[in-house]
Amino acid sequence: MNANTTTTSGIGGSVRRREDSRFLQGRGRYTDDINIAGQAYAVFVRSPHAHARINGIDTAAATAAEGVVAVFTAEHTKDIGGVPTGWQVHSKDGEPMAEPKHPVLAEGMARHVGDPVAMVIAATRRQARDAAELVAVDYDPQPAVVDMKAALAADSTKVHADLPGNLCYDWELGDKAAVDEAFAGAAHVTKLDLVNNRLIPNAVEPRCAIGDFDSVSGEHTLYTTSQNPHVIRLLMGAFVLSIPEHKLRVVAPDVGGGFGSKIFHYAEEALVTWAAAQVKKPVKWTAERSESFMSDAHGRDHVTHAELALDADGKFLALRCSTLANMGAYLSTFAPCIPTYLHGTLLAGQYVTPAIYCEVKAVFTNTVPVDAYRGAGRPEATFILERIVDQAAAETGVDPAELRRRNLIKPEQFPYQTPVALQYDTGNYEATLDQALKAADYAGFESRRKQSAAAGKLRGVGLSCYIEACGIAPSNVVGSLGARAGLYEAATIRVNPTGSVVVLTGSHAHGQGHETTFAQVVSDMLGIDYDAVEIVHGDTAKVPFGMGTYGSRSIAVGGAAIAKAVDKIIAKGKKIAAHLLEAGEGDIVFENGAFKVAGTDREKSFGDIALTAYVPHQYPLESLEPGLEETAFYDPANFTYPAGTYVCEVEVDPDTGRVTVASFHASDDFGNLINPMIVEGQVHGGLAQGIGQALLENCVYDADGQLLSGSYMDYCMPRADDLPSFQVDTTVTACTHNPLGVKGCGEAGAIGAPPALINAVVNALNGGGHPIAHLDMPATPQKVWAAMQSN
Amino acid sequence: MSEQITVTVNGDTVSARPAANTLLSTFLREELGLTGAHVGCDTSQCGACVVLVDGKSVKSCTMLAHQAAGTNVTTIEGLAGDGGELHPMQEAFRDNHGLQCGFCTPGMVLSAVDLVSRNPDPSEGEVRSWLEGNICRCTGYHNIVKSIRAAAKVMRA
Chain A
1 MNANTTTTSG IGGSVRRRED SRFLQGRGRY TDDINIAGQA YAVFVRSPHA HARINGIDTA
61 AATAAEGVVA VFTAEHTKDI GGVPTGWQVH SKDGEPMAEP KHPVLAEGMA RHVGDPVAMV
121 IAATRRQARD AAELVAVDYD PQPAVVDMKA ALAADSTKVH ADLPGNLCYD WELGDKAAVD
181 EAFAGAAHVT KLDLVNNRLI PNAVEPRCAI GDFDSVSGEH TLYTTSQNPH VIRLLMGAFV
241 LSIPEHKLRV VAPDVGGGFG SKIFHYAEEA LVTWAAAQVK KPVKWTAERS ESFMSDAHGR
301 DHVTHAELAL DADGKFLALR CSTLANMGAY LSTFAPCIPT YLHGTLLAGQ YVTPAIYCEV
361 KAVFTNTVPV DAYRGAGRPE ATFILERIVD QAAAETGVDP AELRRRNLIK PEQFPYQTPV
421 ALQYDTGNYE ATLDQALKAA DYAGFESRRK QSAAAGKLRG VGLSCYIEAC GIAPSNVVGS
481 LGARAGLYEA ATIRVNPTGS VVVLTGSHAH GQGHETTFAQ VVSDMLGIDY DAVEIVHGDT
541 AKVPFGMGTY GSRSIAVGGA AIAKAVDKII AKGKKIAAHL LEAGEGDIVF ENGAFKVAGT
601 DREKSFGDIA LTAYVPHQYP LESLEPGLEE TAFYDPANFT YPAGTYVCEV EVDPDTGRVT
661 VASFHASDDF GNLINPMIVE GQVHGGLAQG IGQALLENCV YDADGQLLSG SYMDYCMPRA
721 DDLPSFQVDT TVTACTHNPL GVKGCGEAGA IGAPPALINA VVNALNGGGH PIAHLDMPAT
781 PQKVWAAMQS N
Chain B
1 MSEQITVTVN GDTVSARPAA NTLLSTFLRE ELGLTGAHVG CDTSQCGACV VLVDGKSVKS
61 CTMLAHQAAG TNVTTIEGLA GDGGELHPMQ EAFRDNHGLQ CGFCTPGMVL SAVDLVSRNP
121 DPSEGEVRSW LEGNICRCTG YHNIVKSIRA AAKVMRA
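Residue numbers (the numbering used here), protein chains in the order written: chain A, 1 to 791; chain B, 1 to 157.
Worth flagging that the hints you see were computed from the coordinates, not collected in a lab. Fair warning: there could be bad hints in the mix.
Subject to a maximum C-alpha distance of 30 Å in a straight line, what follows is the list of computed DSSO-like cross-link-like pairs (lysine-lysine) [claimed, not checked]: (1) LYS78/A with LYS315/A; (2) LYS280/A with LYS247/A; (3) LYS56/B with LYS438/A; (4) LYS280/A with LYS315/A; (5) LYS457/A with LYS438/A; (6) LYS457/A with LYS146/B.
Please build the complete structure, drawing on both the sequences and the hints.
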């Protein structure tokens with residue numbers, strides 16, 4: 001891929017982003033930039049304890065403090081519903097998961113550090129903060145449970161009183177008997193215990209929410225840092241506050257990164273919306289970073305035992321995995337589906353593994369709720385598979401690239417039905433493997449290893465062949481698996497009378513550049529000027545409907561909805577053109593922005609048709625409505641399946657254990673690319689988060705449930721000097737079931753990078769005389785050094 | 001009442017009486033309506049709030065408004081030319097896709113302007129090292145580094 005050579009503004013062009021003009025001049029409009037006349041400020045009192053009974057809350061001093069408008073506790077929010085969960089998973093025995101109430105303010109019990117206990121509203125932010133200090137909460141600290149294995153014990157502390165053993169669900173997928181039989185006949189079995197470390201998403205923009213209420217019209221407005229304003233309207237309106245959609249507007253303006261953490265409906269959103277009506281003032285809340293650490297949903301946090309069975313030729317026979325997945329103290333919006341339908345189903349990866357069995361126990365602990373974070377279940381699955389394949393290669397003495405190659409699904413095997421429910425539509429895994437190995441000069445690694453050794457460093461190389469599933473769908477299937485929502489996307493194309501176009505999309509951009517990419521799609525399809533297309537998103541009052549942006553779904557689902565709406569515009573345009581050109585509708589073709597009578601030089605431009613639709617003097621009014629505006633809801637037939645190979649080289653300093661990323665090559669197949677420059681940028685960002693997980697980032701709780709990594713001084717965010725420049729390439733097999741042939745690219749880097757990194761570190765240590773089978777993430781200097789000393 | 005301060009902000013003289021404990025970032029955002037300086041943390045780590053004070057990059061969350069008295073402050077809103085033409089650093093960020101969500105961008109751009117004023121031809125390593133105080137979660141820094149080196153080349157010419 002070369003992002004700099006294409007000049008077209010249509011599909012495939014690396015068009016410079018239109019949103020950059022405002023972002024580069026400080027003209028973005030993020031939620032905290034919005035101020036409404038007369039607004040008050042909310043500050044939350046949060047539990048400093050991981051688990052504590054609340055005997056009482058004395059708000060008298062806070063209420064009397066200067067500028068204070070109101071102080072609310074659970075006593076005032078009894079009529080507010082709990083924060084809902086959007087996915088219901090069933091256990092092996094058919095029982096539905098445990099779904100304890102998640103109150104918007106703690107009701108008698110705080111269950112994690114950061115659990116909101118009271119809301120203080122004052123005229124200024126400073127007054128609210130000062131008054132929050134005056135709220136006296138009588139806590140009775142209880143023993144906390146943080147470790148998942150300990151939580152599952154029958155005599156463990158209970159996070160929820162009615163739930164002994166803290167089990168949310170015990171789920172399984174796959175044919176256990178077939179797997180057991182395959183293991184019994186295996187020539188070799190590799191076993192591995194792995195931890196997928198808990199991460200804190202840390203979008204650089206903290207969450208923010210402003211509630212506003214018009215007492216005359218009865219309309220509520222919520223401005224919020226969300227990836228999916230319509231989903232928030234639905235969840236909050238229907239399940240939490242009982243406000244019908246037509247009286248509730250949710251606006252998600254410019255949003256400073258999400259990575260999953262801004263999908264979910266959070267209590268603070270409901271509380272500012274509710275409180276604005278109570279205090280008859282707009283109410284604004286902006287999280288401080290320390291609040292983000294203890295209130296934004298966390299990611300990952302799996303503990304897994306995995307076993308891979310191979311035959312004598314190194315062919316995979318079966319895989320079995322047993323995973324504990326941390327839910328935290330409450331179920332966040334999509335938490336139950338992450339370790340199940342976005343994890344177990346991915347365990348085939350790129351390989352022909354005839355039998356797979358996976359079981360997952362989801363566990364409540366006294367920690368912040370865990371939910372989707374960039375990749376969401378797929379990084380966890382990929383980490384298991386790509387680590388155990390590497391370890392199997394080491395144990396059987398086969399080159400890791402060769403062992404992978406032997407087991408890849410071949411191009412002629414598509415569509416390929418995996419033993420874990422998914423059917424991959426298309427792919428060419430050997431092509432990305434070959435491209436990555438060549439770009440990384442895998443064959444020449446040994447000489448680089450020697451060079452590093454001469455400089456006193458241990459060099460390692462690691463591979464990862466990942467698969468992703470994007471655009472989770474179709475709605476009826478996900479519904480049968482427990483989703484409480486549809487997973488389609490909506491788009492409206494509004495052609496103005498003079499031929500310019502407004503696109504109303506339910507996808508939401510928080511860094512992805514939709515205003516550019518979607519305009520490329522529409523201008524290309526309609527053959528009109530790129531600048532004549534405007535993209536509108538993020539406001540339920542403007543956009544008819546939408547399911548939002550997560551799971552790398554924007555182009556594959558949102559883009560497809562746009563393409564489908566454009567098709568409807570063209571179809572109607574043909575009817576109008578047929579009338580104007582006195583031809584049969586079937587004889588009209590649409591090419592390069594003009595409706596033509598096939599085989600003649602008679603044509604009408606797109607602009608002519610638009611004007612005619614709105615000034616319908618010469619128009620088939622008896623059979624066709626005036627106007628040119630079409631809406632499409634697109635419900636995908638299947639997931640899309642991006643895939644690729646990553647090759648990473650690291651150098652380990654044997655004196656300090658410090659790991660340096662020497663090079664990183666990515667080869668991805670995202671199907672057709674709309675804007676290669678933006679796609680490259682998405683890969684870079686994903687790689688940085690994946691490398692961050694593998695080398696630097698770790699959410700740490702102590703045994704009492706105190707969050708030790710609660711600031712940027714304790715939680716190691718990747719900085720520029722932690723990362724290398726990346727080499728990024730692509731191959732293309734077009735998705736077979738969406739109109740653009742696209743697959744999605746947002747999460748790939750975060751999925752594929754962690755195992756490539758750890759494989760490289762393990763390879764470096766093994767090659768340097770320190771034989772180890774595995775190293776848990778993050779591979780900090782201390783951990784690497786300790787591993788070297790013990791081996 | 002607080003003491004009056006006079007600051008030049010993006011070329012305009014501003015006189016105000018911010019409370020003694022008002023941070024420069026709060027003063028810019030809430031009193032002057034210059035919301036381009038973003039606040040991404042509470043420990044002076046993220047760098048989204050960086051502005052130039054007398055040409056030097058400063059985290060505006062780590063300086064009191066009163067400490068800026070008598071100085072010349074440039075925020076991201078004031079970096080483009082009078083006619084609206086982008087500064088070479090802004091131009092380079094756009095050309096090289098050096099931003100995604102845009103939240104860290106004002107701090108990145110202003111920090112980079114300061115770097116290039118000190119070191120007109122920074123190496124990749126020097127750029128990466130300089131950015132230690134600016135966190136970006138979107139770009140993986142690859143295109144930010146590329147943008148800054150491209151801008152430096154233009155600014156040297």
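Hint check: LYS78/A vs LYS315/A, CA-CA at most 30 Å. Holds or violated?
Not OK: LYS78/A and LYS315/A at ~59 Å, beyond 30 Å, violated.
Is the hinted pair LYS457/A and LYS438/A satisfied, with a Cα-Cα distance of at most 30 Å?
Holds, because 24 Å separates the two Cα atoms, which is no more than 30 Å.
Within a Cα-Cα threshold of 30 Å, do LYS280/A and LYS247/A meet the stated pairing?
holds (16 Å)
For the pair we were handed, LYS457/A and LYS146/B, check the Cα-Cα distance against 30 Å.
holds (28 Å)
Would the pair LYS56/B and LYS438/A pass a check requiring their Cα atoms to be no farther apart than 30 Å?
violated (45 Å)
Need the status of pair LYS280/A, LYS315/A: alpha-carbon distance at most 30 Å?
violated (68 Å)
Hint compliance for this structure: hints 1, 3 and 4 are broken, all remaining hints hold.
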